[in-house]
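Q: One-letter residues, chain by chain:
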Amino acid sequence: MSAEYHEPRAWDEAVATLQEHGDDALVLAGGTAYTLLLRQGLIRPGHVIGLRRLPGAARIDADAHGGVSIGAMATHTQALRSEAVREHWPELGAALAKVATIRIRNQATVGGSVAHADPASDAPVMLCALGAQAVVVSGSERRRAPVDELFVDTFTTSLAPHELIHSVEIPGRTPWTRAAYLKYTLRSVDDYATVSVAVRAEITDGVVEQLRVFLGGVGATPMRATSTERALRGRRVEPRALGDAAALARNDVDPADDVRGSAAYKREMTRVFTERALRSVLA
Amino acid sequence: MKLSHTATLATPIDRVWALVTDIPAAAKCVPGVTSVTANGTNAYKGTLHVQIGPVRLALDGDITMTSRDDARHTAALRADAKDTRLGGTVRATVDLALREIAGGCELAITSDVQIGGRIGEFGQPVIQRKSDQLLGQFAQCLARSAS
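Those protein sequences? They're chains B and C, same order as listed. Per the numbering used here, the first sequence starts with residue 65, numbered consecutively. Per the numbering used here, the second sequence starts with residue 596, numbered consecutively.
In case anyone wonders, no lab produced these hints; they're calculated from the structure. Source: prediction; values computed, not measured. Glycine included, C-beta positions come from ideal geometry on N, C-alpha and C. Zero decoy hints are in this set.
Facing chain C, according to a computed beta carbon distance under 8 Å, are these residues of chain B, among others: (1) Asp87; (2) Leu90; (3) Leu101; (4) Gly105; (5) Leu106; (6) Ile107; (7) Arg108; (8) Ala181; (9) Thr218; (10) Ala284; (11) Ala320; (12) Asp321; (13) Asp322.
Away from chain B, derived, C-beta distances all over 12 Å, residues of chain C: (14) Ser630; (15) Ala633; (16) Thr661; (17) Arg667; (18) Glu695.
The shape of chain C in the complex, shown without the other chains (with noise of 0.2 Å):
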């Protein structure tokens, strides 16, 4: 499942690039996240709270940068989760660009999800619907937040 966003900024591009590869700050963006620490380099542990109608899963993951390029503000990340309490599992990768546009820059998020175990019997169109939704107010947070 391929999901895309984008969002612009009035905000100076580095100002941006810092706040986005600051896990755990920009972690704080995903609404249901409820911690997200250091586990080791590069490398970070932490849980992801989801709730569609009467079902509520607690995604307990890690998440890896896995490249960074900061002359071309772009980088990396890979998520490995699972619901130990439902049996379910969430992979994704997800590459994050900046680039400066008049009076401030553009984010770009594109990010591929794989669900297993099961969370996959809600169905994909709900969870692309849910998915789209955590990725867009991840954006608008990190637009407010840079500003």
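Chain B extracted, bound-state conformation (with noise of 0.2 Å):
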């Protein structure tokens, strides 16, 4: 059985596209996730839609300040090699760079990523630190949500059967900001990640203003780590006190037993690895 393929020209006809096939539908991004699901004949799907033809679909800027927006149709490398991300998220740059292989970078798209809602994603657990919105089209309507509210479970997302992720927006930063993506790989570094680990954190006069943390690949969607936010939160950054708030991180997880480690082993490297990213961004 074969897809019929379209490629809308505009978002209202994209979207009505979905609209009009509904479930038998699949919305096409950079296809790396999609390719292989339907090798593994997991999706049958009579309509395939691409978005590369959307306009601005691909587009990425930097606002007055400080704030990026990336298309979700930009692949990973055009994101990080993008000077709005150079320039005012290099930090986002390195943990997109941390995407398995370049050749997957040229094809997989942040929009993609996060529509994909693979809980061992990189992309998606450094937006979700960041802070980021994702701008999300439904016909002539646009509505913003927190990215980290977009994920329910493992491959799910929050958003109705008609919506699109038409793109996703860092905020700002201030010169107290600091931020970090951690990737621990058991077997090679193009692997999915057996736990990553992402922070943003404000720092004023020593004390920790915001902080938010993030992990990958232990939980059906990235897994925010309160109990160390909270321990830290309105606190003097001290040494020893990272080591105490990560260990907290390890009852913020669900991981499971698989391949890239056994669950008792992703969560003591949680706390590892929350330690690590806590010590480049606090200490």
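Taking the hints as your guide, dock the two standalone chains into a single complex.
A: Here it is, written out as structure tokens:
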């Protein structure tokens, strides 16, 4: 069975095509995840809607406050090499550079990575920590949703069936903003993470004013280390406190046994890599 | 793949037992079950729809109650299902046990699930998480329905 391929030239046309074919349609961004599922025989869509011809879909811009907007169809390579990301969010560029291999980064898109909602993917975890918002379109409507609220389960987002991710927006930073992304791979560097940690912090006079910590590969979605955040927010940065706070992250994750490690091992590596990530931004 | 769940119910044991052994009624508590009908003595037919992201499964199959002990409040079920569109099978044995506790009863569900064919391509961690989720929601729903 072959699928009918649609290549809409306008966002409302894309949404209308999606609405017309409902469950029988699949949205194609970079196609890296789609191709795998198709080859595994797990999907058989009747209609495929390719987004690459949509106007502005791969556009990358910075605003006057250092906020960066990345079009959903921008590839990881386009994003990490863009002037906007390099100037304002080099930490995001570094995180995107850790995705798989250059062939994948040249093809896989930032929006596709969010929509696919693989909990072990790199971009979603970092976008969650940076406090990014997704611009979501449906027909002529547009809404903004915090990226971390989009993820509800493995491969599942809270997007309605007729909604598309238009772009993601990373809010600007202050001179006191720090961020980092650490990825631990057990087998080879191009693998999915055994655990990954993304941190964004605002530190004023040695006090942690704001802190967001998200973990990848250790739950059904990017997992927020709320216990760690709570333990450090409003506190003065002390090396010992970082280790204690990182240990709390073990209770914020829900890993499963797989080829990348046992659940117990992943929990322990959550502590280790959370501490390293905290030290790199706070110490 | 072995899964287990327990649920505490503030309902008399006999009422819960009547519900869990009424397969068509209990099946309404499994999210994604569209129909379960009798198909002989202690045998039923049903369809379970499961969605994991872009992958949609429609599992058509048979459920048989292989043993039932009303005095001990234990029962065993076997389910054989397949998705004919994608090509894949799911076989499960399910043991149900109820025990009386202060103020109600406790339901224990243990299950051994075997996945075959294309569905297995998804990888065990994802399937285990989804199965675990379904069983957990089933136990919660039973607790609500019986109270």
